[in-house]
Amino acid sequence: MADMSAKIVKTLEHSRQLWTARYSPCGKFLFAAGYDALIHRWDVSTEEPKLLEPITGHSGWTQRMAFVGDNLLTADSWGRLIAWKYAAEKPQPAWNLEQALGGWIRGIAISPDGQTVAVSGNDAAVKLYAVADGKLVGEIGPHPFEVFSVAFHPDGKSLATGDLKGTVRHWDLGTKQVARQIECPALYFLDRIQDSGGARHLNFDSTGKQLLCGGIKAPTGGFAVGAPLLLVIDWDAGKITQELEHEDKNHGYIYDAAYHSTGFVMAATCAMPGMGHLWFWRIGEPKPFFMSKDVSNVRSLSLHPNGTRLAVVTVVAVNGNGKPKGDKYVDGIAKIQLMDLA
Amino acid sequence: MSRHPLCIPHEHSFSRRQFLGGVGASAAAAAAMGTFGGLVQPAVAEDLKKREKQVIFIWLDGGMSQLESWDPKPHTEFGGPFRAIPTSVPDIKVCELLRHTAKQMHHIAVVRSACTQDNSHSAGVARIQRGDPKNRGVDYPFFGGAVAKLLGPCPGGLPPYMWVKPGSGGFIHQDGGFLGAKYGSLALGDGKPPESLLLPPSITATEDTLRNDFRSKLNARYAAKHRKANSEANSYVYDVARELSRRSDLFDETKVSDRDRDRYGRHDLGRHMLLGRRLLESGVRFVKVNSYGWDSHGDNFNASQSLIGKFDQSFAALLEDLSERGMLDHTLVIALSEFGRTPRINSHVGRDHWPEAWSIAMAGCGIKRGIAVGATSERGDVVATEPYDIGHFFHTWFRALGIDPGLEEYDNHGQPLPIAHDGMGPIKDVLA
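In order, the protein sequences belong to chains G and Z. The numbering used here numbers the first residue of the first sequence as 13 and each following residue consecutively. The numbering used here numbers the first residue of the second sequence as 7 and each following residue consecutively.
The set of hints was computed from the structure by calculation and includes no laboratory data. The C-beta atom is built at its ideal place from N, Cα and C for all residues, glycine as well. Possibly wrong hints are sitting among the right ones.
Cut-off 27 Å, straight-line C-alpha distance, at most; resulting in silico cross-link-like pairs (DSS-like, lysine-lysine) [to be verified]:
hint, chain 1, residue 1, chain 2, residue 2
1, G, Lys229, G, Lys169
2, G, Lys337, Z, Lys140
3, G, Lys97, G, Lys147
4, G, Lys40, G, Lys22
5, G, Lys335, Z, Lys140
6, G, Lys251, G, Lys188
Over the 12 Å line for every Cβ pair with chain Z, so calculated as not near, a few chain G residues [as the list claims (entries may be wrong)]:
hint, residue
7, Gln206
8, Asn262
9, Gly344
One chain only, chain Z, in its complex shape (with noise of 0.2 Å):
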């Protein structure tokens, strides 16, 4: 019986040795190149194009508005102050909140019919996060953590798996869930790098390639009397540092033009915006590029101006330059909340849960161009064509990845555990 959750049919291992091999392709090549400051390095660019697929997750914590977003109800019951405006695909309108991102709108797929179940913050966040897959008594692994085990890093050498995050940052073994530690996200606190990232000047290289070694042989014994999963968890982190250290470069902000920071935004989501799409182009396999604050129980409508404009110019530049950059035909964007947002508008003028009736807004790889997909009635509060749970977006999103829900399952120990719920499948209407 295996010690580690393996995927049937495909093997995809994620060894120490492949991992520190591509990192030491991606050394030499990032030796050759010099620094490559926000850009590709050419050859990973083609190689990337060519037959890797990557995904940014714009996580915003929280919830935002539906109807201040992408399903607005202008001039109704609880339509709200704002007006709805026309996008670049005739026939779609959004909240003129989004009015960069309406001119991206061609290459948008907008779900509008999303029907969670979870209406509060402690439950919502993993199980969105996680694809609400059934009870198996175990602890999913997040989005990233799966991608990262179904489809390995990208040959960059890089994690396979970084959150950009306001805060703190670390490694966030639990995004892992029972696929293990090493499936976890390496979370860039503010976007920063993790703290001591670079070589001090007192180390010379040859110094720390004889402290690298004895690590080495420090975690062989430790790896001798542990398990297995836990001695690679353990190295994988290390390892990932070496690895990041190298690309230091990735967090030097000076090396991004202005252009491009007031295209995104000088605010925290905007930087941190631009950084998913640099670490994307890097070769990161995952990106999520997390937004805290998403909850607007009072004075919604000027959080709403406030919170959405800034995704909005953040959202609509990193699509414009993913598709610039060819990169949209091998990345999976996607933008999604814990729920939407109520309908009614309490005495506080906020908008409080609303897992009922909600947007999610898809772009990219395996995903139609400019559609919106379902619908809810004219005030808003339910959806009006078929309901789709987060278990549906999750065989959508697989599905678009080139990974088939149907074949692919995990192996817990032994367990056989469908990759995202079994009694769902995917959206049709949005794959390509």
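Pulled out of the complex, with its shape left as it was, chain G reads as follows (with noise of 0.2 Å):
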């Protein structure tokens, strides 16, 4: 097939920095989230998207969101874990665990089967709670270190898990040991005393064959540079077979990535102001056949249903030492653009 590309077709602005804006299943609603820890809402069935009122429950950043039937999950960095019909006209909690974890939701994770919702944290903490009420149903460690992301296995007996050190561990689900780990050392570096960078994200392919391991190549303390990279772990063999890396090193981490229904993937990344862009590659190909020039600081990437539209938060926030004159001093802001693909 023809290479994809991606065209902004509508910019939705919010007056705060955003995490993550995630499509409904049902492709009605658009939801975003980040440092006002509110969940942002948009009826986006019609062609001009229709801000809702935003829901409130969380307390510091909310980073983190997943669907599940008609459930929409959202964790925050106090370690609160919310469940909300997300359709309904104001969503009230479902359940509602304050302390889901000991502090930051790291990742979350469904599984394929829908029962679980697996999160972790910086706690170096990983639990499943029942999607149906909220219930402890299990505990997946012990982890060393801070757990930044998790994922389900296509085939619901097996969770991986991404550390801060760039370890990815195969856990089976029946005994809740570790099968194996798998080393991505390049997603880490010892800066001084700083530990930078990590396993931050992590999902899998519809087959389970292929799993995305995302970073930053030989990340450093201060300004964080590095370039994007994304590993491509053949799971059966546990190996990686590719390095999807950024050509420019001073494009940051990888914050988000997806695979598309034909097959390739779709990446995030955020840096410095300018820096950092949404990127489409196939796997097994030398570098990334479509990369965005009308988008930088990408923090998020969501596929409508339908399969042909976009909704990427990019942020807009300055940087630079001391107070600047004349400036009113608040927050940067976060666009998310409406892409279409073609």
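Assembly of the complex is requested from the two constituent chains, each provided in isolation within its own frame, with the hints serving as guidance.
This is the structure in structure tokens:
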């Protein structure tokens, strides 16, 4: 098939920085969350998206969300996990766990059968909760370090976790034991005393044969410079088969990645102002076939169920030392770019 | 006219004779005691407790985010992801990244209203560590050099100003500023002693004595033809090395318990902070413990989790140990960086440099315990109470050490110079 590209067709602005935006499975809604802890909603069933009243209930940063059935699960940096009936006019929590984890929830994943949500976090814990009622149904560990990412294998029997040091662990969900470890040392660097990098993102392809593990190559402290790096792992062999490495070392971290239904990989990267893009890469090829010049500082991407539109979170947040003259001194903003694939 | 910087009115001369006298006394004590491992010699410890003030100055090169440490603003515009947690002092909360230190808060005074001048590294390091006095056309000593000058060495005979740092070591004469090279720091690169510290096995004690006598004669010949300050500094470095060679066990990490290594952390900052405690116990007047890489322009919150977590672990262990040993009564503990970090979070999830409103922590002798002084605005972008520049802090610390900047001054070859910014005064709310 011909290579795809993405073109901005609509921009939704928000006055604070956002971490993520996700289309609902029904395709009618777009939800977004970030630094203000609110869950923002748009009805996107019409040509002009309609902003709905935000949902409250979180604190700190709300960074992760996932859909399962008619539930939206949202997680924040204070350890709270909430399930919402997302399509309600004014969604209320179906259940609400104040301390699903002991701190910042970094990863969230839904089991293939839709029964279980896994969350991972800075407290080095991974916990499993029942989607139906929020009851704790299992713990996966121990982990020696922060667990930045988590993903269920499509067979439902295994779970992958990614940690601060770039170690991917394969957990047998039956025994709750580590089946094996896959080391991704390129994603971690001890810069003086700062642990830098980590396996920030994990997701399987639909067959479960490939696992994507994202972060930054040879990360540094300070400006956190490095080339965005997405590792393609052959799951059966437990080996890295390709490094999808951005050619520019100033484009920071992989913040989000997903497979398009036609097989290529979409990735979002973000770094200093103006750095970080949206790119599409066909696995096996030496470089991406599409790199958007229209967006920068990309924090997340979400493919609409119709497969033709992306919601891409970008941020505009200046840097600089000291207090700027005449500046109102406010947080950066977010622009959710709705991009059509063609 | 004096050729040397002097204190007025109290003379704290730091002569080679006195220094060597101290060396001799401590050497005799050490010989009587055998090795003393991580613990201070009891006689020295008692003496220190009674009358000697010491300083440990923890320098986080760059900027530690005040919002992720001493002055959290959870769930606000610039507050970031972390929570505030209670401490051992009711009404004082700190960021959750300081979970160990929170239990030691009853020892600590934190000033949340620091407002300094420089937002660049090139100027910030020197200005902060010199106390940013008014420009008098001279380079002021760093704080360690000033304390070495004003209080002299402790009786144990070790160098008055030692700097535990990552990377290379050596004698850093620049820290002495106009006071002269003698008041520079002896830097222990990666906490290790200077190269060739130990006497080679092939040299006997008698040969070493003969060698040293010969060196002394050469030094005397050199001194006769050069400025006294230069010749003294020259001899001083060698004397320091000789004294340290008698204390080589200080650098033997096998003498440190596993428990202490775990408590402080086995990372560089933990190892160096633990060595800092041992140097204090052994009678070093001023210990600077230095950590580099505090500059999270990108990925600040993961960086803070890693960096502040390590600071927290080692700082809390240090305070606990100094308190348990009764050393906080005579030891001033200071933890600071060049500046704070911007409340605003940039696109790379980083915080940049922010001298406008940040925090400095201290504890120990002359300092009130378990207080938070000053405040920033609700958003943390400005100081909401009286702002304090680094000059105010230097006044405060000198007074905490029993030095009155209103009475003491330097004599720079006849030029009287204030020891701290003469337009500022102490932060009275902090002083005990």
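Hints violated by the structure (numbers, ascending): 1, 7, 8 and 9
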